[in-house]
Every structure is written in C-alpha cells, then in structure tokens.
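Novice: So you can see what is in the structure, the chains are spelled out below.
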Amino acid sequence: DTGVSQDPRHKITKRGQNVTFRCDPISEHNRLYWYRQTLGQGPEFLTYFQNEAQLEKSRLLSDRFSAERPKGSFSTLEIQRTEQGDSAMYLCASSLEGSTEAFFGQGTRLTVV
Amino acid sequence: AQSVSQHNHHVILSEAASLELGCNYSYGGTVNLFWYVQYPGQHLQLLLKYFSGDPLVKGIKGFEAEFIKSKFSFNLRKPSVQWSDTAEYFCAVTPSNTGKLIFGQGTTLQVKP
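Those protein sequences? They're chains A and B, same order as listed.
Under our numbering, the first sequence has 379 at position 9, and the numbering climbs by one with no breaks.
Under our numbering, the second sequence has 1301 at position 101, and the numbering climbs by one with no breaks.
Excised from the complex, chain B in its bound form (with noise of 0.2 Å):
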C-alpha cells in the first residue's frame, strides 16, 4: 500500500536556525509530491509541490524542497526559521489522476524566539 513516513514528530528550533523536515514514500509508480503547511487555528495551506522537472523546487516563505527519486524521499528544508514558523507539516503525495493525497503523520514544528 502506498504510504508517507515522516521522521520527525516534533521539532524545536530557535530563530535563524536551519530546518530540515525528512519525508520518504513508498510508491513505485509516478507521484506528485506535496508539503502543507497548517498553522495554529488555520486551514491546511500548499507549501510547495513536485510535479516533473527540476527537483528542488521552492515554495512560498522561503521554503524549498528537493525530490530525490532513488531515496524515494522529498525533504523539506528552510535555511533560516523564524518564529512565524511555528506549525505543523505534513508532507504527502498523489499516486494516481484522482487527486487524492495520501498524507505523513505530520511534524510539529515549535520556533523559540
């Protein structure tokens, strides 16, 4: 069955710290790949998303991720978190047409100012 794994369930930095989220799937076929982001009392809202094409891509507030094919893994990364930060993230992915996301566990991150 198609799955996302998430490494890290909670994270604590300080401000200007750098940030790396680990997310690895299991799927052999094509997937498009997705990091949402939900910040306290919102609406989960698309970080960045892998399609085709060159594999680091950036999102919005400074945040990229790089899709690494033999490692079946997407991590997300920030080189300098600010305490606006502070949410949780979830890294999922669409293995068929249907659009349907298959998500991770979700990471919290906490940013100490």
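Chain A on its own, in the form it takes in the complex (with noise of 0.2 Å):
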C-alpha cells in the first residue's frame, strides 16, 4: 500500500500520559498536514509541514502537543500531560506543493481515561 499510512491506529491511554503518533506521508510528497476530527464534526486543522519546516499551526494547537518533520519524511504528533479532551481521530494528510488534492491516512484513534 502507497498511501498515507498513520500509526497506531488506536491508543488508550490514561490522563496525563504522553503519546506519539507516527504518519508517513506518499513519499513524494512534499506538504504534509495534521487534523483532529471529533465525533460528529469534520476534521480541524492542526499544523502543516513543507518539507521539514513547520508553516502554519493553528489555535487548537496548545503547548502540549508538539510536531515535528525532521527529515522531511515522516512526522511525529506528541500530546504531553494528555486531557479527556484530546480524546479524538487524529488524521494526516499528505500532498505535492502546488496540488491541492490532499491524500489522507486512516487515522490513529486516540482515547483518553
């Protein structure tokens, strides 16, 4: 499979733990996007990478979670002091620069108790 692969693809975990989720973009792909979908709502944008630098994150995105790029490759999603509210499908996106046609992976489920 050549798509956007994310993993895990579920994680429990208890309040105020760290978790890190992995997403591998299509390989060619230069832009790579991070979402936060919550039950009955469409997914809301969290940060986006170009390559290995961080261009863009939004509000929702607090001191807790942090993302990273570093070879322009894979990127790594990490909520620090984890909160019920994290609780979400958190999804990634890859595209080409230039192409607005965003690929995206299954999603790594994440449940906070």
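Please keep in mind that the hints were generated in silico from the structure rather than gathered at the bench.
For each residue, glycine too, the CB sits at the ideal point set by N, CA and C.
It is possible that some hints are incorrect.
As the list claims (entries may be wrong) - A few chain A residues that don't get close to chain B, going by computed Cβ distances all over 12 Å:
hint : residue
1    : 383
2    : 387
3    : 397
4    : 407
5    : 414
6    : 433
7    : 436
8    : 456
Said to hold, decoys possible - Here are some of the chain B residues that sit facing chain A, going by a computed Cβ distance under 8 Å:
hint : residue
9    : 1246
10   : 1290
11   : 1302
Said to hold, decoys possible - Some chain A residues close to chain B (C-beta under 8 Å, calculated; not the full set):
hint : residue
12   : 418
13   : 422
14   : 474
Take each chain as given, in its own frame, and dock them per the hints.
Specialist: Next up, the structure:
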C-alpha cells in the first residue's frame, strides 16, 4: 500500500500520560498536514509542514502538542499530559506542493481515560 | 474567519432516490472547493473538486457538484443513490495556496436498500 500510513490505529492512555503518533506520507509528497476530528464534527486543521519546515500551526495546537518532521519524510505528533478533551481521531494527510488534492491516512483514534 | 456550513447533518434515503447535500462557505476571496467521502471504517477520499472554469463538476461514482459564486455554495448531487453510498460526506475549502482544508461538520448519509 503506497498511501498515507498512520501508527498506531488506536491508542488508549491514562490522563496525564504522553502519547506520540506517527505519520508516513506518500513518498514524493512534500506537504504534510495534521488534523483532529471529534465525534460529529469535520476534521479541524492543526498544523502543516512543507518538507521539514512547520509553516503553520492552528490555535487549537496548545503548548502540550508538538509536531515534527525532522527529515522531511515521516512526521510525529506528540501530546504531553493528555487530557480527556484530547480524545479524538488524529488524521494525517499529504500532498504535493502546488497540488491541492490531499490524501488522507486512516487516522489514529486516541482515547484518554 | 473562514468557515464551511453543511445544512444537513443526517440524511436517510431509499435506494434510487435523488440526493442533494448543501454546502455554504464564508470567504471573500478565491477558493478551491472539495467534497470528501468517508465510507465506514475507511479513510477520507476525494469525491470531486472545483478550482475554476465550468461551475458544474463531475466526480467519481456519479456524483456532481455545482459552484454558485453568488450564493457561496457548492452543493453535492447524485440523481440516484445506492446502498453503497452510505457514508459521511464532508465539504471543504482551501482559501489559500497552503493546501490547508477547512471542513464542514459533515453529513451522514444512510441509504436504505
């Protein structure tokens, strides 16, 4: 499968713990996006990278959230000191610069108990 | 702020019925418009997109959408739905060249056989 890959698919964690998610984009795509989707809502933009540079962050991305894309390939999204309100589906998408068609992964479902 | 509004949250149709899902956006500049679909257990997939030109765009699986600039609308249509169209449908816009998507809250379509 050469699509966008996310790992893990599901994560259950206790409140206060740190979690890290990984996204592997389509190999030639230089743009990578993170979104968060809660039940009954559409995905909300969190941040995006062009190559290794993080070019935009949403106000939704509090200081407990950090994203990296160190070599311009895969990306990680870390949430520190998780809260119940962080429970959501975290989606990753990738695209080519100049193309507005984004391809999505299947997401990581986070449950904070 | 830019936003996307989908009028119908949950639609139930019988097979062969016609479908129209409403989408309005608020943004004064040039936008690119999209409809994405999420089948149960699968990732978001692009149904169709509008960048410029003919305001009536055709997508996969018999779907089409019409961009009406004066109404800031991009409604999705299908003349005859099938049970396999049961899914969640999201309207989205990209108001800039970042490729960042702003989604509506989604419409759940249930097609009864």
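Novice: Please go over all the hints and tell whether each is borne out by the structure.
Specialist: Cross-check of the supplied hints:
1. With 12 Å as the threshold on Cβ separation, the claim that residue 383(A) sits away from chain B holds: the shortest Cβ distance comes to roughly 23 Å.
2. In this structure residue 387(A) is separated from chain B by more than 12 Å, as the shortest Cβ-Cβ distance comes to about 26 Å.
3. Distance to chain B confirms residue 397(A) as a non-interface residue, since its nearest Cβ pair spans about 17 Å, more than 12 Å.
4. The claim that residue 407(A) lies off the interface is violated: its Cβ sits roughly 8 Å from the closest Cβ of chain B, which falls inside the 12 Å cut-off.
5. At roughly 7 Å from the closest C-beta of chain B, the C-beta of residue 414(A) falls inside 12 Å, breaking its exclusion from the interface.
6. Every CB of chain B lies more than 12 Å from the CB of residue 433(A), the least distance being 21 Å, so the non-interface label holds.
7. Residue-level check passed: residue 436(A) sits 19 Å from the nearest beta carbon of chain B, beyond 12 Å.
8. No beta-carbon of chain B comes within 12 Å of the beta-carbon of residue 456(A); the shortest separation is about 19 Å.
9. Taken as an interface hint, residue 1246(B) checks out: its beta carbon lies about 6 Å from the nearest beta carbon of chain A, inside 8 Å.
10. With a least beta-carbon distance of about 5 Å to chain A, the hint placing residue 1290(B) at the interface is held under the 8 Å criterion.
11. Checking residue 1302(B) against chain A by beta carbon gives a least distance of about 7 Å; that is within 8 Å, so the hint holds.
12. A cut of 8 Å between beta carbons decides the hint on residue 418(A): the least distance to chain B is about 6 Å, and the hint holds.
13. Because the closest C-beta pair between residue 422(A) and chain B is about 16 Å apart, greater than 8 Å, the hint is violated.
14. Annotation: residue 474(A) was flagged as interfacial toward chain B, and the flag holds, the nearest CB pair being 4 Å apart, inside 8 Å.
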